[in-house]
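Let the hints inform the model, and build the full structure from the sequences given.
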Amino acid sequence: MQNLHWHRVAQRGKVRFKMTSLCTFRFLLLAVALPALVGAGCGKPAATSKEPVIVVAGANEVDGSDETEIELTKKLEAKRRPGAANPTTKPAKPAVAQIHEPGPNEQRCFQCNAQGQVACVAPGCRNGYLPCPGRCLKRSQGTWVPDKAHGGMAAAIKVPGGGTWFINEGHAGEIWVYQGGKMVSQGPCPTCDGHQVVRCKVCDSRGKTPCELCETKGVVPAAWKPTDNPWFNRQPDIVRLKDDRVFLAKEVGGDDVIVMFKTRAGEVMSIPRADVTQWPKQP
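Mapping of the sequence shown onto my numbering: position 196 corresponds to residue 196, and the numbering continues sequentially without gaps.
Derived by calculation from the structure, the hints in this document are not laboratory data.
Ideal placement from N, C-alpha and C gives every residue a C-beta, glycine not left out.
Don't take each hint at face value.
Straight-line Cα separation of at most 30 Å, DSS-like style, residue types lysine-lysine; simulated pairs [as the list claims (entries may be wrong)]:
id, residue 1, residue 2
1, 138, 148
2, 182, 217
3, 158, 182
4, 281, 208
5, 262, 201
Pair by pair, the computed Cβ-Cβ distance ranges are [what the hints assert, rightly or not]:
id, residue 1, residue 2, range
6, 233, 187, 45 to 55 Å
7, 260, 222, 29 to 39 Å
8, 210, 124, 13 to 23 Å
9, 245, 124, 46 to 56 Å
10, 127, 279, 32 to 42 Å
11, 201, 102, 32 to 42 Å
12, 145, 177, 15 to 25 Å
13, 146, 277, 48 to 58 Å
14, 145, 229, 47 to 57 Å
15, 253, 143, 43 to 53 Å
16, 180, 212, 25 to 35 Å
As structure tokens, then:
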């Protein structure tokens, strides 16, 4: 019995030795193969085909040729930076408005709130800039829809044959024409240099003009009223109504009963002709 016991122990020792050797072999094999597997998994992915920037959606969908996605992304990032929409040349610095305190027999100017300057009166001027009069693609005009492929918005342009071309906003400021069955870019607009806006010459890109009522003084005589003062009474587009309403406007339409006025602020008003006591002078 004693010899049999030691034999079993010896056999177990052999089994343990064999199992240990097998585990060691597997570990060494894994250590050699692992770097190769990791290297193969971390390699560069296969290049994918570039999607065109412009897509035609119509009865027959055709892809338009254009720049790569990387170039479009750079355009979008550049145009989304603060101030990127405005020309690079800096406009003249506007004068710092100071409130003028009225003296004896004076009151604050009710036209400029004693600032001495008012918002630019040029039609369409916004912060010193006007929409470009050229034929470039503008974010402020046309039909724009979300661009799911490239992000941002895209202009939807109808083309002959019933198709629709979608041009990403990264191309705003460029001139596009329909040639050879597709929309083709002719580059940045020469009028605005691709900015979509031009400088306002009335305010010299300041966005402000001198107040004509107080002549930049910020104060007016105490006897003056908003609709009864020398400057107001000289205006050629005064409209007075029976209910004592007075405003500056021009006639833009109507019929035999109703007349339509458009005020200097851009508001359109419909007034019965019988209620008008003073009409604006015809230019």
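Original post:
So does residue 201 sit 32 to 42 Å from residue 102, Cβ to Cβ?
Top reply: holds, 33 Å
Original post:
So the hint says 47 to 57 Å: do the beta-carbon atoms of residue 145 and residue 229 match that?
Top reply: holds, 50 Å
Original post:
Would you say the C-beta atoms of residue 180 and residue 212 sit inside 25 to 35 Å of each other?
Top reply: violated, 54 Å
Subject >> Cβ separation of residue 210 and residue 124, checked against the hinted range 13 to 23 Å >> reply: holds, 20 Å
**OP:** Would you mind confirming whether the straight-line C-alpha gap from residue 138 to residue 148 stays at or under 30 Å?
**Re:** Status holds; Cα separation ~20 Å.
Original post:
Straight-line Cα separation of residue 262 and residue 201 no greater than 30 Å?
Top reply: The given pair, whose Cα atoms are some 24 Å apart, holds under the 30 Å limit.
Subject >> Distance restraint between residue 281 and residue 208, which requires alpha-carbon spacing of 30 Å or less >> reply: holds, 27 Å
Original post:
When you take the CB atoms of residue 127 and residue 279, is the distance between them in 32 to 42 Å?
Top reply: holds, 34 Å
Original post:
Range hint 29 to 39 Å: satisfied by the CB atoms of residue 260 and residue 222?
Top reply: holds, 36 Å
Original post:
Between residue 146 and residue 277, does the beta-carbon spacing fit 48 to 58 Å?
Top reply: holds, 51 Å
Original post:
Does the alpha-carbon distance linking residue 158 and residue 182 stay inside the 30 Å limit?
Top reply: This hinted pair holds, its Cα atoms lying about 11 Å apart.
Original post:
Range hint 46 to 56 Å: satisfied by the CB atoms of residue 245 and residue 124?
Top reply: Since residue 245 and residue 124 have Cβ atoms about 27 Å apart, the given range 46 to 56 Å is violated.
Hints 2, 9, 15 and 16 from the list above are not met by this structure, while the remaining hints are.
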